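Assembling the complex is the task here: the two chains are given apart, and the hints tell you how they should meet.
Protein sequences appear in the order of chains A and B. First residue of the first sequence? That's 1 in this note's numbering, and the numbers climb one at a time after it. First residue of the second sequence? That's 1 in this note's numbering, and the numbers climb one at a time after it.
Calculated from the structure, these hints are not laboratory results. Remember, predicted model here, so these are calculated numbers, not experimental data. Even for Gly, the Cβ is constructed at its ideal location relative to N, Cα and C. Any given hint might turn out to be false.
[Claimed, not checked] With a straight-line cut-off of 30 Å between C-alpha atoms, the simulated DSBU-like cross-links for lysine-lysine are:
1) A:K105 x B:K217
2) B:K188 x B:K217
3) A:K197 x A:K156
4) B:K217 x A:K96
5) A:K98 x B:K217
6) B:K117 x B:K217
7) A:K105 x B:K44
8) B:K150 x A:K105
9) B:K166 x A:K96
10) B:K117 x B:K150
11) A:K43 x B:K188
12) A:K43 x B:K166
13) B:K217 x A:K43
[To be verified] Counterexamples of contact, computed for chain B against chain A with all Cβ distances above 10 Å:
14) F6
15) S128
16) K183
17) K241
[Claimed, not checked] Pair by pair, the computed Cβ-Cβ distance ranges are:
18) A:D212 x B:V9: 18 to 24 Å
19) A:D11 x B:A42: 36 to 42 Å
20) A:S8 x B:E238: 42 to 48 Å
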Amino acid sequence: MFVPCGESAPDLAGFTLLMPAVSVGNVGQLAMDLIISTLNMSKIGYFYTDCLVPMVGNNPYATTEGNSTELSINAEVYSLPSRKLVALQLRSIFIKYKSKPFCEKLLSWVKSSGCARVIVLSSSHSYQRNDLQLRSTPFRYLLTPSMQKSVQNKIKSLNWEEMEKSRCIPEIDDSEFCIRIPGGGITKTLYDESCSKEIQMAVLLKFVSEGDNIPDALGLVEYLNEWLQILKPLLLHSKTNSRVSRQPTEWEKFANYASDKGIISRIYKELK
Amino acid sequence: MAATFFGEVVKAPCRAGTEDEEEEEEGRRETPEDREVRLQLARKREVRLLRRQTKTSLEVSLLEKYPCSKFIIAIGNNAVGVWEEVGCAKLWNEWCRTTDTTHLSSTEAFCVFYHLKSNPSVFLCQCSCYVAEDQQYQWLEKVFGSCPRKNMQITILTCRHVTDYKTSESTGSLPSPFLRALKTQNFKDSACCPLLEQPNIVHDLPAAVLSYCQVWKIPAILYLCYTDVMKLDLITVEAFKPILSTRSLKGLVKNIPQSTEILKKLMTTNEIQSNIYT
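Just chain B, with the same shape it has in the complex (with noise of 0.2 Å):
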């Protein structure tokens, strides 16, 4: 509790997360009807992997159906055309902008997996939802499995804004869009930007992501780009292309000063418009 200015006592926020012991005081109180709808949610949010064209489900998780040798997740980002679809994940959950999760259009894709038409080891998963966190650990089960290979490399490219970005200058005078990495023990080649410092932190799909392969020793990078522009834009985008130069990644684009072109026409105009309302 807190005493504000006014002298009202108002409960104040704990640090340490929701207050357990109405958790618990509703797990005692829970009747077979609440819990009935908590299952049914649970399983209205399970991730599930299937093939579009066929429109079945994949009975196995996605690696263990294809081997794999380099994996890139790319969070909010566009992907290139060179691939060939293999999979998507569907799921849904309260961020999630349309309801209907049957029909699946391109523009609507939830995490949609590729592999290279050239190199069918090569894997990219690109998710422009949220994937909350409860269905992260189900979504690393559904697409690594419970018995992950260390001879694959992985990948993660992701977004965040600046003001997220903790450091004792001041914003207005940071490079902004500039990439930041957090790399696995395992991951031995350096990035192509510095490492993210202390004490700046990750979380969502990325941090389960990196920590699932930090746990199982799998080599992965993690690329942050912080920006002011949520947005696609072209700055952003632009901010990501030293990662194409890295060990990992040269072999699989080629001609990169023509990727600038590329992108441009790539580039679509978000349909759903940010504001404040939305």
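Only chain A is shown next, with the shape it has when bound in the complex (with noise of 0.2 Å):
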């Protein structure tokens, strides 16, 4: 459930709702710390829930010394109202048959908040594309039918890709054809709970495989970027104007690198 940080919860009426989906090579959650912290959004609230493992650590925004020191629990809200967005970090993997429980409280807080739409940030294994999909770009994106209505000519004149749909069991070869976003996590589940309630939802994910999934956020978040325009393109790639996050990426089961100050390197690289 949705535990605000101050007294009253905010209105969230209008509002796009950004969420990574814990899918192969944490990307979606490394692209939602990129948009905070660059975003400079604050913290709003809580998603308090028994599905994710519970994990605590001191901010990972942190600017100053001063910010360094709040605390950081496993889902947290962070809101940017002059953009009307709204953002969901989960830092922790879900409890064994919790995952279906907290896709649907999640949608009922969506619905209930009044949110207008939900983008899902997500990632698949790389090593399931077939021929055709190897030969093209590795971003994907799927529409529920609410979200098609409204924004499908926008997509369209981007010319992305929409997901392919695969045979559901791979070794048979006359099974039907259906969605299947192996890697993803829970964003099957949140596609298919959106769909059949009528919820406005985009995923957009990369195909990517484990290891050092940092480039992958950023183009995730570039990818992004070329609909929503929320980040200047110049501010993604000047050294001086971008706030990027000092990733928490040495977080427990997350990547393991060696010291923060080789990532703010690497990731300084990458914006040049």
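Below, the structure written as structure tokens:
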């Protein structure tokens, strides 16, 4: 359930909710970190649930000594009212059998809070691509029917590739075709539930493999930006203006890097 | 998938946790018998609160029944002897070394709750077992209830192995055992040690309790002792001593110089010898 930081719940009517799926390479989560940190979004509450493994740590977006001691938990909500954006960040994995209940609770909050639409940032195993997918861009999108009505023209103008259907059971030649997102975590469940509940949802994903996934996260944010234009391209590539997150990639269950300094210089290299 | 040095293709571990496709398919393939087994397992893993003397269970959460101003949770530590037991939380999971959950002796106790005889609103919880991920939320509900009180203060004490401490320094140069703290927004006092630096995080029951307190705006502080000896030893317990001089706990412990002697008396050798075969 959503618990606000302040006394009352903020008004999220008409906002766009950005959220990650805990998926291969943690790309969605890394992308969310980049967005929250670059846009300097402020924390407005927590999504308190028994579905995620508990974890705590100090503020991963700290910019000063002062705000470095704020406690962060596993599911937090940030917002940028000027752009009508609300972001949910998930920092740990699901407890067994709890991923579907989480999706239900989340979507019920989306409906009750009045969010206009949801954009899920995700990833899928690159080794599961077919020949056609190997030759094309690694980015894909998916829209629920209610979302298609409102943004189809815009998406068409971007020349994006829609996620292709594949065999439900790959080993069986005459099995039906359906949307499969291997390695995508809750992406498929969220998508299916949103279709049936008529929620406007878009899924943006990239085909990736496990490893150093920061470049993948940067790519996914740029992909999102082609559509939403929330970050000025100059901002993303300027070393002085961009407030790049101090990636919490050393948090357990994320990639292991020797030190923060290595990550930051790597991120800056990517941004040049 | 990844290719190994020898050219074989193996499934690489996915950082995103369990493969959810498999879990989804499990859900679809689950027969009524599977479902029954899963529900029975969930019932076996339930957290139960009871009074050991009368063997009756507590109908409401512990802190709804007893008013509390200070709550100290020692996860993995020994308690001192001025406490009166008010209840215990028994639970079973795969990490339990005993299969008999009906007869608990004091050495087998799971999470025992005491309150100070001289000041019954001060509680101590001694949790010497592992509370699994799926039991942590239940534990919180049973102990704190659904209407958390903001006028109490919570202190959590726990240990981690020093090799879990992520730093650019070499672990050999760290002054182990050493303390680090994490506190919620509403905890206004200062900690008696530095705060836990990024990128270190805490999980398990201490994280569950601290998350609960952060969300429900309860002042709480977690003291984490990084040590290289995971068995109970005097040096590690001594590392916690500065906590006794903090504002929140100062009134509770008299005669700090004598506490070392008391601690030595309370030390019992660990019956379960930890080695690579157990």
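Checked hints:
1. A:K105 x B:K217: holds, 22 Å
2. B:K188 x B:K217: holds, 12 Å
3. A:K197 x A:K156: Roughly 25 Å separates the two Cα atoms, so the pair holds.
4. B:K217 x A:K96: Judged against 30 Å, a Cα distance of about 28 Å means the pair holds.
5. A:K98 x B:K217: holds, 26 Å
6. B:K117 x B:K217: holds, 28 Å
7. A:K105 x B:K44: holds, 26 Å
8. B:K150 x A:K105: The given pair, whose Cα atoms are some 26 Å apart, holds under the 30 Å limit.
9. B:K166 x A:K96: Since the Cα atoms of K166 of chain B and K96 of chain A sit roughly 28 Å apart, the hinted pair holds (cutoff 30 Å).
10. B:K117 x B:K150: holds, 23 Å
11. A:K43 x B:K188: Given pair K43 of chain A, K188 of chain B holds - Cα atoms ~20 Å apart, limit 30 Å.
12. A:K43 x B:K166: Answer holds: K43 of chain A to K166 of chain B is near 26 Å, not above 30 Å.
13. B:K217 x A:K43: Holds: K217 of chain B and K43 of chain A sit about 15 Å apart, inside 30 Å.
14. F6: Fine: 18 Å to the nearest Cβ keeps F6 of chain B off the interface.
15. S128: At about 19 Å from chain A, S128 of chain B clears the 10 Å cut-off, so the statement holds.
16. K183: violated, 7 Å
17. K241: K241 of chain B clear of chain A: closest Cβ-Cβ about 24 Å, beyond 10 Å.
18. A:D212 x B:V9: 18 to 24 Å: Since the Cβ atoms of D212 of chain A and V9 of chain B sit about 21 Å apart, the hinted range of 18 to 24 Å holds.
19. A:D11 x B:A42: 36 to 42 Å: holds, 38 Å
20. A:S8 x B:E238: 42 to 48 Å: Given range 42 to 48 Å: holds, Cβ gap about 47 Å.
Checked against the numbered hints above, the structure violates only hint 16.
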